[in-house]
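The lines below spell out each chain.
Number of protein chains: 2
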Amino acid sequence: MTTPVHIVKFGSGILDDPVKREAALRQMQASAHNIILVHGGGARAGELSARLGLETVKHDGRRVTDADTLEVVVMVYAGLINKQLVAELQALGLDALGLSGADMDILRARRRPPQPIDFGFVGDVERVNAGALEILLRRGVTPVICALTHDGAGQLLNTNADTIAAEIAAALAPQRPCCLSYCFELPGVLHDLGDVGSLIGELDAAEYARLKQEGRIHRGMLPKLDNAFAAHAAGVNSVNICAYEALHDALNGERVGTTIV
Amino acid sequence: MTTPVHIVKFGSGILDDPVKREAALRQMQASAHNIILVHGGGARAGELSARLGLETVKHDGRRVTDADTLEVVVMVYAGLINKQLVAELQALGLDALGLSGADMDILRARRRPPQPIDFGFVGDVERVNAGALEILLRRGVTPVICALTHDGAGQLLNTNADTIAAEIAAALAPQRPCCLSYCFELPGVLHDLGDVGSLIGELDAAEYARLKQEGRIHRGMLPKLDNAFAAHAAGVNSVNICAYEALHDALNGERVGTTIV
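Protein chains in written order, with this note's numbering: chain A, 47 to 307; chain B, 47 to 307.
It should be emphasised that the hints constitute simulated quantities derived from the structure, not laboratory data.
Since the model is a prediction, treat every value here as computed from it, not as a measurement.
Be a bit skeptical, because a hint or two may be false.
[Said to hold, decoys possible] Label pairs and their in silico Cβ distance ranges:
no. : chain 1 : residue 1 : chain 2 : residue 2 : range
1   : B       : ARG301    : A       : ALA78     : 51 to 59 Å
2   : A       : ASP238    : B       : PRO160    : 25 to 33 Å
3   : B       : GLU180    : A       : ARG72     : 48 to 56 Å
4   : B       : ASP112    : A       : GLU260    : 50 to 58 Å
5   : B       : HIS237    : A       : ARG72     : 40 to 48 Å
6   : B       : GLU253    : A       : ASP170    : 40 to 48 Å
7   : A       : ALA89     : B       : ASP112    : 43 to 51 Å
[Claimed, not checked] Taking beta-carbon pairs under 8 Å as the criterion, some of the chain A residues facing chain B (in silico):
no. : residue
8   : ALA113
9   : LEU194
10  : ASP241
11  : VAL242
12  : GLY243
13  : SER244
14  : LEU245
15  : ILE246
16  : VAL307
[To be verified] Sample of chain A residues lacking proximity to chain B, with all beta carbon distances greater than 10 Å (derived):
no. : residue
17  : ARG97
18  : ALA133
19  : PRO159
20  : LEU257
Ideal placement from N, C-alpha and C gives every residue a C-beta, glycine not left out.
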């Protein structure tokens, strides 16, 4: 089985805007490739937390997930956003199946140790069930995976969606050609956040280290790029960060956005 | 393929109590049978609606689902309750997979006409994708299906969980022996709601019609029994209404609770 698989991560800006979301899903529809869609939904989770009077606590840009916040992210990621994406993909003729990491034991994680910072119910991926994903892909199913894992003992855990996308790509890479695209609203990684013409077409580890040291990579881009480089190092054939409008070209193997080299 | 399949519906009283829920899930674990678990979650959805300041409107005991309420039931049914059940079943060694009706196009529905009463985003099941369920069962997967359907055009719809359980049982019955159990906190249908010793062991259509006419069936039991009789008429081999503590016996083919004859 050597058909390529594309792991696509959608950012919140796409998920929360019906017009952009439909445009992005249509790019998936137009492609004949096997796709695994990965998403979080932090913005909507933050909104629901606020409506429920829950305080959002972050360390270093990462959400602390107490028991109430876990309920919120489970409702928003696995419920609201996941099922909306699945229903919309079904309407476009793709046989979508929404999954958390607990479903079919797709993503097993270990709760992050409480030292030095207690992030609460946050999990670090320990194992991707590549076999289960292969079964679904072979049946023509499009898995839609939200940013939740489980510990195998009945506890759901909150896990960064960028990391999940990278881990899945790395786990499937030994079995077939594997491409990873982080899709969002900008053309890719920019030298100057205010200038969409300043796209970095290719980024290697040395250049990334230099730009990081100089503080020239936007803070929000760091986890995405760290995950992108990890996937590239793990043997994922193609890793890029691109605009959702360029997704169809990316799926067709064209160089778009920022390619990790 | 003639292995029987058991469709089990859990009531809110089981879903919302961790001790009862664990007991019920352990009864499933102890059985070697193929099981499809169906659930709603109206009580939790009502709670969340109240916390969000949404008004719950009911006609004849049935919830009117406006756009905000649909978001709530999607979050609670497909998110909170479904993923909790899936994680807990995985911990018990069952390979659970949570599904809404949109996932793998399992349950296609038509939005209920707004006359005489506009129930909002409520769907009546038009088609069960028995083929997709068969594929999952053959792979040893335990589907956990929440009370949501979709219209095939991108719209999720709220659908009664008792009805979904009956529709699934009726759709699978032509393919293999099929049993349907409505599990809740009472021993079955009672002559006298205050007396658990007044269990009706067998109920046929004539007796049901008589008891209904005399107003001796509790209002909340009517949709369950209407669905139970519909499934029985559609060829489902065994239909019963029983306590969750009796589920293991029910799965083993023993007569427990109220059996529809």
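Quick rundown of the hints versus the structure:
| no. | hint | verdict |
| --- | --- | --- |
| 1 | B/ARG301 - A/ALA78: 51 to 59 Å | holds, 53 Å |
| 2 | A/ASP238 - B/PRO160: 25 to 33 Å | violated, 53 Å |
| 3 | B/GLU180 - A/ARG72: 48 to 56 Å | violated, 31 Å |
| 4 | B/ASP112 - A/GLU260: 50 to 58 Å | holds, 52 Å |
| 5 | B/HIS237 - A/ARG72: 40 to 48 Å | violated, 58 Å |
| 6 | B/GLU253 - A/ASP170: 40 to 48 Å | violated, 58 Å |
| 7 | A/ALA89 - B/ASP112: 43 to 51 Å | violated, 23 Å |
| 8 | ALA113 | violated, 12 Å |
| 9 | LEU194 | holds, 7 Å |
| 10 | ASP241 | violated, 36 Å |
| 11 | VAL242 | violated, 31 Å |
| 12 | GLY243 | violated, 36 Å |
| 13 | SER244 | violated, 37 Å |
| 14 | LEU245 | violated, 33 Å |
| 15 | ILE246 | violated, 36 Å |
| 16 | VAL307 | violated, 37 Å |
| 17 | ARG97 | violated, 6 Å |
| 18 | ALA133 | violated, 4 Å |
| 19 | PRO159 | holds, 21 Å |
| 20 | LEU257 | holds, 38 Å |
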